[in-house]
Amino acid sequence: MDSILVGAAIILIPLGLFLFIMARDLRSEEKSLMQRVVQLQRTCGLMKSETEVSSSITDGMGLDEGDANLVRNIAAALKAENMIADDLASAFNKVIRIRNNERATLRRKIKKFKMYSIITVIMICILLGLLLFVSASRH
Amino acid sequence: MYFIDFRENVGGLRLCYCALFLIYVSYLLYDLFLGDIKRALWTMLAILLALLPFLFEGYFGMYFPWKIKIMIILSMLLHTAGEIHKWYYIYAPFYDKLSHIASSLAISYLIFLFIIFVTLYTELKWEGYKVIFFIIFLTMAFGFFWEWWELFSDQHFGSSFFWDMPDGVSDIIVDFLAASYVALSANDYLKNKSWKDVSRDFVRKDIEKFYGLKDQLAEDQAGHE
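Chains as they are written, first to last, in the working numbering: chain Y, 1 to 139; chain U, 140 to 364.
Pulled out of the complex, with its shape left as it was, chain U reads as follows (with noise of 0.2 Å):
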């Protein structure tokens, strides 16, 4: 069973997205009313990251499955709505658990993702291991690389997000969980379709021929016919 089902129900997706959207909207307002500025100023830039995939959609032509896209966003309001309502403080640690797992859901996805589209763009084949591999790696780097800057700024921007050794190790066993789970859904995805069905799941139709794939879809469409 996939995480990414590409017979997703889009329209309930695509209504969950927007709800979330609405709440972070509504969050930047309440942001705006406070008259906090620069709390209003990351939220705003939080805003623009969960819509920075459909620009990739529009320019590249890549297909990002709704699912992905909440996560995303998902792990943005999380964060947002834990430093607003003291969520972090008030259900501390698991809230800060909570918000690690998505996070880390959303890069590990990203990763397998952007993978996917350094293959189809330049056809490389890549065996399985080398991405679960990556994937795992590299969330693991951008695990530590966030504790990092809970430290830092810390030390030098007076916050007080990292607590102590202990909630930061198990802050990295969360995120080494996360990205395992998506590395062996995505082999599992890799090991059950061929490029073509890849391709087909991520690239939209009408830009196909930016990935040079027009041929191959074409005679693959003709198969099917």
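So that you can see chain Y by itself, here it is in the shape it has in the complex (with noise of 0.2 Å):
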């Protein structure tokens, strides 16, 4: 029996701590995402009045600069096609939904890492108790 758990160590152990900060990353990289999509909400808030397109207005907000970006392009690009009167705030909520999206389908991966993180330490685990079984039947 111990001679297993020495075994189950040395192999869970590692794989464990590999796997745990993976999973600690993909989390930290979702609430970062959140964190982004918080920020986009608050500064599309402020600038509600505001319909004017220009660097400056995304510029100094706390803005990650993809997002930034991203609402300046579709901004721009609303105002170019002229159909709606309040370009920014429509892009903001456009950008907002992307991010929403995304973080949604990495929540959903990470959902799916874990499940197949668990099922792998389960396999490992019923893999040594057969080990375990077999070795006691021989004695």
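Just so you know, these hints were derived from the structure itself, not from any lab. As the structure is a computational prediction, the values presented were derived from the model and not from experiment. C-beta atoms are modelled at their ideal positions from N, C-alpha and C, and glycine is treated no differently. Be a bit skeptical, because a hint or two may be false.
What the hints assert, rightly or not - Under the rule of at most 20 Å between Cα atoms (straight-line distance), these lysine to aspartate or glutamate pairs were calculated in the EDC-like manner:
hint	chain 1	residue 1	chain 2	residue 2
1	Y	K31	U	E266
2	U	K264	Y	E29
3	U	K335	Y	E102
4	Y	K112	U	E262
5	U	K335	U	E289
6	U	K264	Y	E81
7	U	K269	Y	E29
8	Y	K109	U	E289
9	Y	K112	Y	E29
10	Y	K114	Y	D25
11	U	K177	U	E262
12	U	K264	Y	D25
13	Y	K114	U	E262
14	U	K264	Y	D64
15	U	K264	Y	E102
16	U	K177	U	E266
17	U	K335	U	E262
18	Y	K111	Y	D2
19	Y	K114	Y	E29
20	Y	K109	Y	D2
21	U	K269	Y	E102
22	U	K330	U	D340
23	Y	K111	U	E262
24	U	K264	Y	E30
25	Y	K109	Y	E30
26	Y	K112	U	E196
27	Y	K31	U	E262
28	U	K330	U	E262
29	U	K335	Y	E29
As the list claims (entries may be wrong) - If the Cβ cut is set under 7 Å, some of the chain U residues that face chain Y in the computed set are:
hint	residue
30	Y268
31	F272
32	L277
Combine both chains into one complex, guided by the hints.
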């Protein structure tokens, strides 16, 4: 029994650490995406009245550079189409929708990753259990 | 110079893989001819393991470089041939070390591929030092686990895999050297490639939407055009 525990520790501790660190990094990625959405919503709320599209609008508001660029590009495209009066607010809403979708996708992928990790660990435990059973039956 | 070179000569490597596979199948037939069912079962299991990369390619849309597929089948073939021809004992301790080098290279590359696939799937950006650390760390864990298995098997099943402590320690050192080589070449590869390049190297085009990379790759393709 002790011998099996040593074998289990040798393989499960490093594997567990690896999967734990990967899951933790994925969680922090999801958190940072969530913070970006919150920041976008806050900035959108502050700028509801602003309709002019310029770099100064999205600069210095604590927005992620990628988000700011996306807002600017979408707003510029909307303005060029001349279809919506409030270009910037619409652009913000669109970017918030995109980021929310990304977050939902990432959450789904993290769930899948965790599920496969747990299955792997359980399968290793089952294999070690079988080994214990076979070795015990020979004595 | 990476070990993983995607300008690889696929035709030649495929031929090499097929030759190794045929040798493996002939060992299986030899076991069956001798009526050694126990060994035939182990050989069959090893052949199935050697075919696993194709299953992953079909199911997940991953691309396993042919050199890695060859490393996987070679590491298992060395083990089987060593047991059948008693090369482990005739050419001791060198044959064992050769087998450890092949196995450690195969395992290290599989760990690297696993990290690449999770990174591409979740778009997690891991720094080079983390990749290096985990390739070495996990390969060493598998190396220690193998040594533990040798000891366990000797104690409980009457085999004679674990000779003595110096042999076990030198096996671990060889594992470490092979893992370090892979870790450094993986770091070199990642340093010189963007994630878009990596995704193009490791994900099959027809299944890229599975990884949520469709837009990224299309955009990239448009850039090339």
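| query | Which earlier hints turn out false for this structure, listed by number in ascending order? | reply | The structure conflicts with hints 5, 6, 8, 11, 16, 18, 20, 21, 30 and 31, although it agrees with all the remaining ones.
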